[in-house]
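Just so you know, the sequences run in chain order A and B.
Going left to right, the first sequence walks through residues 1 to 192 as our numbering numbers them.
Going left to right, the second sequence walks through residues 1 to 192 as our numbering numbers them.
Nothing false has been slipped in among the hints.
All copies of an identical chain are treated as equivalent in the list; a pair is satisfied when it fits inside any one copy or across any two copies.
Here are the simulated SDA-like pairs of lysine to any residue, each with C-alpha atoms no more than 20 Å apart in a straight line:
#1 Lys187 x Asn85
#2 Lys187 x Gly54
#3 Lys182 x Thr33
#4 Lys182 x Ser87
#5 Lys187 x Gly168
#6 Lys187 x Glu53
#7 Lys187 x Tyr56
#8 Lys187 x Phe97
None of these hints come from the bench; they were simulated from the model.
Letter by letter, the chains look like this.
Number of protein chains: 2
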Amino acid sequence: MRVFPLDKVFQLLEPGPVVLLATSRNGRDNVMTMSWHMMMDFMPPRIACVVSEGDYSFRALRDTRECVLAIPTADMAALVTDIGNCSGADRDKFREFGIGRGKAAKVRVPLIEGCVANIECRVTDDALVERYDLFVLEGVAAWADEAWPELESTAVPRRLPRTLHHNGDGTFRTDGEFIDQKARMVKFPEFL
Amino acid sequence: MRVFPLDKVFQLLEPGPVVLLATSRNGRDNVMTMSWHMMMDFMPPRIACVVSEGDYSFRALRDTRECVLAIPTADMAALVTDIGNCSGADRDKFREFGIGRGKAAKVRVPLIEGCVANIECRVTDDALVERYDLFVLEGVAAWADEAWPELESTAVPRRLPRTLHHNGDGTFRTDGEFIDQKARMVKFPEFL
Numbered sequence: 001m002r003v004f005p006l007d008k009v010f011q012l013l014e015p016g017p018v019v020l021l022a023t024s025r026n027g028r029d030n031v032m033t034m035s036w037h038m039m040m041d042f043m044p045p046r047i048a049c050v051v052s053e054g055d056y057s058f059r060a061l062r063d064t065r066e067c068v069l070a071i072p073t074a075d076m077a078a079l080v081t082d083i084g085n086c087s088g089a090d091r092d093k094f095r096e097f098g099i100g101r102g103k104a105a106k107v108r109v110p111l112i113e114g115c116v117a118n119i120e121c122r123v124t125d126d127a128l129v130e131r132y133d134l135f136v137l138e139g140v141a142a143w144a145d146e147a148w149p150e151l152e153s154t155a156v157p158r159r160l161p162r163t164l165h166h167n168g169d170g171t172f173r174t175d176g177e178f179i180d181q182k183a184r185m186v187k188f189p190e191f192l
Numbered sequence: 001m002r003v004f005p006l007d008k009v010f011q012l013l014e015p016g017p018v019v020l021l022a023t024s025r026n027g028r029d030n031v032m033t034m035s036w037h038m039m040m041d042f043m044p045p046r047i048a049c050v051v052s053e054g055d056y057s058f059r060a061l062r063d064t065r066e067c068v069l070a071i072p073t074a075d076m077a078a079l080v081t082d083i084g085n086c087s088g089a090d091r092d093k094f095r096e097f098g099i100g101r102g103k104a105a106k107v108r109v110p111l112i113e114g115c116v117a118n119i120e121c122r123v124t125d126d127a128l129v130e131r132y133d134l135f136v137l138e139g140v141a142a143w144a145d146e147a148w149p150e151l152e153s154t155a156v157p158r159r160l161p162r163t164l165h166h167n168g169d170g171t172f173r174t175d176g177e178f179i180d181q182k183a184r185m186v187k188f189p190e191f192l
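So that you can see chain A by itself, here it is in the shape it has in the complex (with noise of 0.2 Å):
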């Protein structure tokens, strides 16, 4: 995986994928599927997300204060509803699952190989964790997988890789058509 910029995480998550979330306590990696996930601000990237308390992960997630955020491709779909339709509690998943994993540079959560790209996130505000089970993160390290050189190019059309977005009942439909309005963009021109 290469090193990609915070700046442009963002563009990672506004689109609405499927996201694997990663994290690790008492020396137990475990990895859950998200779609309830948004961003909050640009830079750092700051990205809310709800973990529900009855999820295994709340727990590590709250202690730890720290996570990894890995974006599955299309052809993951079985895997991504798998790791969503068992428990952390009484599995090991990574291993079950034959899950590839990489070293984080900022936090102690495995990365999770394969995906298009994954983000190191810290919870930086649990204000609104009891009533909502909504965390606050905010990204501190990003890395691309190899596969995908175009991925943070501001080339139109740019070779994007096919997210998942759940329609929240075991359906999924994949990215289709790529289609450019940068021409009329002439509010936000640093995005250009």
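Fit chain B to the supplied structure of chain A, relying on the hints for placement.
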């Protein structure tokens, strides 16, 4: 438009589509484009979104505590971009862009015609508005366009509209291939 069940609203937003956010303040309707939103809870449908204090819609949302979230179709990409690249401070976007208005049931904000679905929302928590421009919304009524009779079907494959996912730079991806992993959804049988 026909009534859309509130307990299915999460299936509209969980895939991460671009939405239009309509507000109305002092008799002036306005609309902006937004991608920074996420589901927070199923029922009643709770939604988080970030509306920057610099956006003209911010004050309307903060003061009236009401809005409509509408999900545009892929063929509305140019309009969606244009709406996001001008300010309601100096123009009437509904009139200038010829956007059709429908009558909402529970909020004093217009529905947006031609969209896949409209969700009437109230602001239920503004604890993080000052710090992050983050609003917590609750969906109080929802509507689907007659063109999408299968939107809340549980059949596989469903005929789903192509929506827009913003890459953050004026380019979009539309929804592509439908992937069915329902058979692997052992943890959440209530969604099958």
